[in-house]
Every structure is written in C-alpha cells, then in structure tokens.
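J.: Below, each chain spelled out in residue letters.
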Amino acid sequence: MKKDRANLAKNIYIKNKFKFRINSIQSVITLSFTSITLLAMIFIGIAFFSTFSDNAEKNAASSMQQIMNQATINLENYLHSMIGISDLIQSKISVAPLGNLEEINDVLSLTLEIRKDIVAVSIYTDNGNLLLTSPKYQYDNTYLVTQQEWFLKSIEDPLDYLFQPPHVQRLFEDKRPWVISLSHGITSDVSSIPQQFITKVDMNFSVIEQLCSEVVLGQRGYIYIVDSSGNIIYHPQQQLIYTGLKQEDIEEALKKEPGSYLDTYQGEKRITTIMNIEHANWTMVGVSFLDEIVQNKRNLNALIIITLLFGIIFIIIASIFISSKISQPIKRLEHQMNKVERGDFNIDNLEVKGEDEVKQLTKAFNLMIIRIKQLMNQIVTEQESKRKSEIKALQAQINPHFLYNTLDSIIWMNENKKYDGVSEMTAALAKLFRISLSKGSETISICDEIEHARSYLIIQKIRYKKKFDFTIDLPNNLCKYKTVKLILQPIIENAIYHGINKIQEHGVISIKVVKKETFVLFVITDNGYGISQDNLKKVMNQESTSRHSSGVGIKNVNERLKLSYGNDYGIEINSEFEVGTTIFIKIPLVEE
Amino acid sequence: MNTLKKIIILFLTSLLVFSLVSCTKNTLSTRENEYIIKVIVKKSDHDFWAVVKMGAEAAGKEFNVTIDFDGPTDEEDIDGQIRMVEAAINNNVDALVLAASDFIRLVPVAEKAKDANIPVIIIDSNIDSANMDSFIGTDNVDGGRKLGESLISVVGNSSNIVIVNFVKGAASATERESGLLSLLDDYPGITILETVYCNSDEQIATQMTLALIKKYPQLDTFVCLNAYATVGVARGVVGESKEGDVLIIGFDSTPEEISFLEKDVIQSLVVQNPFSMGYLGVKYAIAALNNESVPKTIKTDFKVINKENMYLPENQKLVFPFVD
Chain A
88 MKKDRANLAK NIYIKNKFKF RINSIQSVIT LSFTSITLLA MIFIGIAFFS TFSDNAEKNA
148 ASSMQQIMNQ ATINLENYLH SMIGISDLIQ SKISVAPLGN LEEINDVLSL TLEIRKDIVA
208 VSIYTDNGNL LLTSPKYQYD NTYLVTQQEW FLKSIEDPLD YLFQPPHVQR LFEDKRPWVI
268 SLSHGITSDV SSIPQQFITK VDMNFSVIEQ LCSEVVLGQR GYIYIVDSSG NIIYHPQQQL
328 IYTGLKQEDI EEALKKEPGS YLDTYQGEKR ITTIMNIEHA NWTMVGVSFL DEIVQNKRNL
388 NALIIITLLF GIIFIIIASI FISSKISQPI KRLEHQMNKV ERGDFNIDNL EVKGEDEVKQ
448 LTKAFNLMII RIKQLMNQIV TEQESKRKSE IKALQAQINP HFLYNTLDSI IWMNENKKYD
508 GVSEMTAALA KLFRISLSKG SETISICDEI EHARSYLIIQ KIRYKKKFDF TIDLPNNLCK
568 YKTVKLILQP IIENAIYHGI NKIQEHGVIS IKVVKKETFV LFVITDNGYG ISQDNLKKVM
628 NQESTSRHSS GVGIKNVNER LKLSYGNDYG IEINSEFEVG TTIFIKIPLV EE
Chain B
6 MNTLKKIIIL FLTSLLVFSL VSCTKNTLST RENEYIIKVI VKKSDHDFWA VVKMGAEAAG
66 KEFNVTIDFD GPTDEEDIDG QIRMVEAAIN NNVDALVLAA SDFIRLVPVA EKAKDANIPV
126 IIIDSNIDSA NMDSFIGTDN VDGGRKLGES LISVVGNSSN IVIVNFVKGA ASATERESGL
186 LSLLDDYPGI TILETVYCNS DEQIATQMTL ALIKKYPQLD TFVCLNAYAT VGVARGVVGE
246 SKEGDVLIIG FDSTPEEISF LEKDVIQSLV VQNPFSMGYL GVKYAIAALN NESVPKTIKT
306 DFKVINKENM YLPENQKLVF PFVD
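Protein sequences appear in the order of chains A and B. Counting from 88, one number per residue, gives the positions in the first sequence under the working numbering. Counting from 6, one number per residue, gives the positions in the second sequence under the working numbering.
Pulled out of the complex, with its shape left as it was, chain A reads as follows (with noise of 0.2 Å):
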C-alpha cells in the first residue's frame, strides 16, 4: 500500500518532468515572452516593408529623374560647347571671310587635334561651294550639299542651331563614319555684298555614349536620346534598332510632357522618364524595368522574413533558457518535495542557490523538512518513554497477595518454632525484592536473574509444604551475559499455579540455562498439568488475572523481550496435556 504510493508519485513526477505543461512557470515565460516579442517584430516588419513598398515606384522614379537631370546638363553642355566651336569659327569667318582662311584652317586643325569626338568641321557658301574642311581628306565630288535637307534647312533659317540626327558622313571618297552634325548659317558684312556662310560640324557618338553609358538604371535600364522627329539620337542597342531586331516606343515617348510615367512595352512593366535637352531639341528617355523594383521589394520581404523566422527561433530559445534558469530551482525543490510527499524525510538541506525568491523558498523549505523531522524524533522519543514507564510500572507491582500469604507463612513458622524456615524464607524474599528493585535498572546479569528465580521457587517450595522439588542448571561462565530482568519468575509462577498445583504426584520443575553460538536459551520444564491448545494461545496472549500472580503475564514477557532484542526472540511454549510443559526463553548474547 505504502510501496504503491510511493510508485504513483514518482510516476507522476516523471511524467511530469517530461511532459509539456501549459501551466508551468518555464511555458508561462516562455509563451508570453515569446509572443509579446513576435508581435512587436511582426510589427514592425509589416511597418517597414509597407513603408518600404508603397514609395519604391515613387522612390525609383525620383532617383532616376535625378540621375538623369546630372546626364541631361552634361549633355547640354557639351552640346553647348559644340556650338561654342561653332560660334568661334563663325565669329572668324564673319570679320574676313575669304582673306581669313589661313588662320581659320589653323583653328580647325587645332580644334581637331584637341577634341578628338569631333570628326570634320566644313564650311559653305551659299550656294553650295565647299570654302574648307578639316581635316583634308579628298572630297567626294558626288556629294551635292544643295540637294541635302540641312544644308536647306540652315539657308533657310541661318540662326538655328540645326543638330542632325546620326547619318553617313558623304563628306570625303572612302570614309564613311557615323556622325552626329550641327549646322548654323552667318551672315557676312564685310564686303558690300552680304555673303552667308554654312558651316558643318560632324562629332561622332564617344561623347554621348560616354554621358549616356554613365547612366546606370537598375540592372537592365538605360536611356536613349531622340530628336523631335523620332530619329534615335544615341540607343545602347542603336544597331539592333537600325537592324530591325529591336524596337523602341519612340513615338509615345514623344507625345509625353517631361516626367515619369508608368507604362507597359513588349509585356514589360517599365517606369520611362522623359526630359527635355536644351539647345537641340532633344529628348532624353529614361527606361526602367519595374520587375527589378519588385525584385528589390521580394528580396527585401525575403530578408525581413528569413530575420523574423530566426529572430523568431533565437527568441524562442533565449525565452526557454531564461525561464528553465527561472524555473530551474524551483523544478529542484518541487522534486525533493516530491520526495517528502512520499515519506523520505532522509534528505540533505536543499542547496541555496539561484535568484531571492527562491533562496527564501528553499531556506523556509530546509527549515520546515528540518522541524518536522525534530517533531517526528520528539514524538518517537515520547512514546518509548512513555512505554518504558509503563513498563517499570508493571514491573514495580507487586501482587500484595502473595506478599501477604508469605509474611503469613513466615508468621506461621515462627509460632511453630520452625527457625530454620523461618530465616530461609526471609533470606529468599529479601533477595527476591533486591533482585526485582535492583537499583531500578532494566537488565541484569544472567545469574542475578536465577538467583531471582532460586528465591521464588525457595519461597513457594516452603508454602506449598516441599509438594514439588526444583532444580536449576546454570553453567559457570555465563555471569558475564545480561538480559532483561523478571523474565523467569512469571514463568515459574504460571507452572506451580496451572500445573504442579492441579496434579497428584510430587511435582518437578528444572532451569536450564543453556548458551549457544549467539543467544542464550532458559529452558523451563514442568512435569505438571500441561496446557491444552486452546488455553495456549490464552496464555501468550493474555494478561495474567490471577489473584495469585505477581501481575506480569507470560505474554508481558515476551513483549518486554521482543520489543528490548527483536522479533527474533521471545518465548516459545511446548506443552503437552497431562504429561508437563516446557517454555524456552531466547535471548542475544549481550555482555556487560
């Protein structure tokens, strides 16, 4: 029953130990701690990639009118210092402009040597005569500058700064460059006649592509440069647009006021950022590609996922660790509680460690186990006292009777001047009452003990008139060896008064006292009445009645022996009805 108990509770407590609890202090922490924690970086990731994704359009197409406004003034002042070399041959050409060629060769030649993106400068007349070039390559006789549309174009309306889209250059036999040209007209006045001029300067695209390829929009953006009629001015692609093999939206990039837009081409989302180019009437297009911000935005939401997932795992274990440091020695005391809940006081203080509460707990803890335990020890102490008492008690009484009867046989004997018996009885009862008091200990020496037994029988063998003899058989050595006292005479008392008394014949009662390896054995044998089976258990159970008897019963006897040396000793009755009866009395061998 107890052993079950005990079974159970460590059950529990493993299952415990073992088994998730919603309710324990370490989950409590853990799930608030980790909650409260998730919701905040929740929180603000949302906040962060809302604020993040609802301004990346806005963001990308700000930051590409930016980069595109740096590319546009650059642009704008190479175009104008294209006219500025313009303006400068000019400026020559109008103070003297046939006597003058010399130094404006040498200015052409010098300009040419310097800038190396400008690829010929040529000047006209009116009517269509080549003045001069730079450099001096052999014209080509086939090209009639009449029949082309700038050259009418810059008669027509002198001013201008006419900047022709890329073209052929037809301007010498042979060569053949891709050139972007700006023409302008002047009007001379030196002579009386009024003669206007048309001068040509031929760049090729280093410059602008350079300007252009600085410009760098996302990964796959670009932007490109158009004129007002559509012709593509500088293109990253510009051969595969010529070739056919790529197209540009030119024209609705044309019809659109400066700014960014958002529009769809070839199935591409795209932001296209149109600007205008001062001074040619060009339009610079931005061109980029919105799955690269949306790229950014998932990668972004990928980062903010993958560190909120092990924000997440990290909080997750810091929580376990700090609430398993929280409830660690708690856990500790519960299970040694757990222990005195099953009845083991045996236990060592608990160690005092961890955080104040739970030094407290475990000082109060360590306090309580250890005032229990006094408690238990007091109570333990009480009882035995108590009993001992009890016992000392029964031992100090003395039946009055036959105290009574003995001093009345003395009497008896003196009025009859029987002497002899008279001084042997009070010898016998002095002794009996010396051994019995014995300074008010509990054991005495094994002889002691005899000598006790000797007076009873000495006293009873002259009351009964010498109607049984006794004999007593103790061996030399065993003086040393003590036992519980008045074990004997009770004995003794129960064999005269149940058995020699109820028979006839002359009865005999021997004391043997026999030592073995480890315990002491009194045999007791009577030739008397003996006891039947039923009285047996009559006798050892129960206490003595008679009015004869000291008052200590047999089975006071064996209590006393059992409760001084054990269970395994004590008194052991052999009887046989009508034939005698023999009692053995084992007790250890206890040296003085």
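Sample of chain A residues at the chain B side, in silico, Cβ under 7 Å:
| hint | residue |
| --- | --- |
| 1 | Asp261 |
| 2 | Gln326 |
| 3 | Tyr329 |
Computed Cβ-Cβ distance ranges for the label pairs, DEER-style:
| hint | chain 1 | residue 1 | chain 2 | residue 2 | range |
| --- | --- | --- | --- | --- | --- |
| 4 | B | Lys312 | A | Gly171 | 33 to 39 Å |
| 5 | A | Ser114 | B | Asn122 | 55 to 61 Å |
| 6 | B | Asp79 | A | Val381 | 51 to 57 Å |
| 7 | B | Asp306 | A | Phe135 | 49 to 55 Å |
| 8 | A | Leu218 | B | Arg88 | 53 to 59 Å |
Here are the computed lysine-lysine pairs in the BS3-like style, where the Cα-Cα straight-line distance is at most 25 Å:
| hint | chain 1 | residue 1 | chain 2 | residue 2 |
| --- | --- | --- | --- | --- |
| 9 | A | Lys262 | B | Lys48 |
| 10 | A | Lys518 | A | Lys554 |
| 11 | B | Lys308 | A | Lys262 |
| 12 | B | Lys268 | A | Lys262 |
| 13 | A | Lys356 | B | Lys66 |
| 14 | A | Lys526 | A | Lys649 |
| 15 | A | Lys548 | A | Lys599 |
| 16 | B | Lys48 | B | Lys117 |
| 17 | A | Lys552 | A | Lys599 |
| 18 | A | Lys554 | A | Lys505 |
| 19 | A | Lys262 | B | Lys312 |
| 20 | A | Lys333 | B | Lys304 |
| 21 | B | Lys66 | A | Lys333 |
| 22 | B | Lys308 | A | Lys333 |
| 23 | A | Lys240 | B | Lys312 |
| 24 | A | Lys505 | A | Lys552 |
| 25 | A | Lys625 | A | Lys673 |
| 26 | B | Lys268 | A | Lys223 |
| 27 | A | Lys446 | A | Lys418 |
| 28 | B | Lys308 | B | Lys48 |
| 29 | A | Lys599 | A | Lys553 |
| 30 | A | Lys599 | A | Lys673 |
| 31 | B | Lys301 | A | Lys333 |
| 32 | B | Lys117 | B | Lys301 |
Don't read these hints as lab results, they were simulated from the structure. Each residue gets a CB set at the ideal place from its N, CA and C atoms; glycine is no exception.
Let chain A serve as the given structure and place chain B on it in line with the hints.
T.: Chain B only, in chain A's frame:
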C-alpha cells in the same frame, strides 16, 4: 545541460549571422559570364564577317556571354575551318555558331559537336545536315532571284551576262545561282555566256574579268554572287576602263563596293544583313543552351541598293554598319 544549451545558442546565433550575410551577398552578387560561345566564320578579316562579329558581340553584351570569334584567313581553307570546329569541341565551348565554308565537308565535324552536346547554330551558309539547332541566314535562293530582278531592272530584257560565282560546293553559292537561273528562265533575252568561280578571291576575280572581257566582246553585264566576286570584277572593269560600258550587279555592301556604287562602276547591290546573322546566331545559341525552343530556320532580310536609294535613312543603316 547549461553548457549544451550555450553551445546550441552559439551555433544558432552564428547560423543566423551567417545566413543574413549570405542573403546580402546573394542580393548584391552580379552574374558572371556564364557561357562561352564560339563563332567560326568563313574568313576572319573581311568587312562582311566583321559585321557578323559586331552582331555576335552585341548579343554577347546583351546576354552576358563571352564571344570567341574566329575564322580561317582564307575562305577556301575548309580543312582549317574543320580544325577550328574540332578545337572548339575539344575546348569544351558551350555553343557553336558556324558559317560553313562547305555544304558537305563540315557535316561530320558539326555533327560531332552536336554529339558532344554542344548546340550548333549555322549562319549564312548551311550544311547538309538536319541535326543542327538552327540555320540563320539569307534565303539564298530568293537572294539569287533578287539579283536577277535587279539585273532585269538595270539592263532590261536582253543582255549577255557572265555569272561570277565564288566557291563551288558552298551552299550559299549553289542556292544563289539556282535562284538566279530560275528567274532568268523567264527571260529568254538574257544570254549566259559563262559561269565562273573565283574561289572567293578578289584577285582571281579581277584576272578572270580581264580575260572574260577580252574573250567575250559582246559581254555587257557581270552578275556577281558575293562580295569578293563583286569587288574583284569591279576592279577588273575599272582596270579595263569599261565602267559604264560593262555593268555590274553585285552582292553585299563592303565599303569598296559602296565606293564603286557611288562611282557608277556597280549598278546595283543585293545587301544582306550580316549583323542580324551574328546577333541572332548567338541569341539562339543561348536559347538552345537554355533548352528553349529554337526555330529551325530563320530568314534574315536583304535589300536591293543602288546609287539613288543608298543614302535613304532606312538603307544607310543597312549599308553602313553602325559602329559605336
């Protein structure tokens, strides 16, 4: 227990940091050049092939691949081209773009490349194999017909002509000639005096021209089937001072041909689109590498150019390659 936990925490923290770093790295890393694409043409140093190279390189730039351009110094060096294809296979190039010098002899080596799991895109001149991923080029039969049409438009219904072809056996040569002849079947007034092969050598063409002019006094038009033939014949005609008397109908648009066209030595040119061949060759080689579907045949366009229309904006873009 605590030590174990600390180790776990340390491990997870380092994992976290590491993964964050690697994430950032992933987002910032730029793509490396993934593929090397070998482009082998018939002749390494020629204007026509230079434009093919431009197209190939434009595609290489756009799709971020490395273009390795090569070709024999002599267009007749068929063995040389075969060796180049062999070398490309041995060098484990990712894809091959090939302009075959010979219709038949390039077949084994090209199929060997296919067997080595290298996509092969044929440009300009096809080979006699159906196993190649794609052929990109002018429809040469149609090109030959166009040549015939421009001949008719220049000379009218009657003329005594000599056809100057380039390499016997080359697919483009055979096809152009058959296209031309099929058209001329409808014009009985056109007499073909002779068909000659200049082996894509300008000097040979020039010498042949001089001989032919002497041989056939009635000869009034040369029909030339490629750029070498055209240039060689034009030089010969100029050498004999016969410009204007003996007309030339030519093919392609090298700067020298353009110069002759402007000087009325050449009357008409059929201009192909070599840039597109180079560009599309590489583009579809990449598509084949990525296991995307590639059309078996892609026709690039061509135009008939004469002195009057050559500087029209739409034509000058084709005639004069735009060099960045």
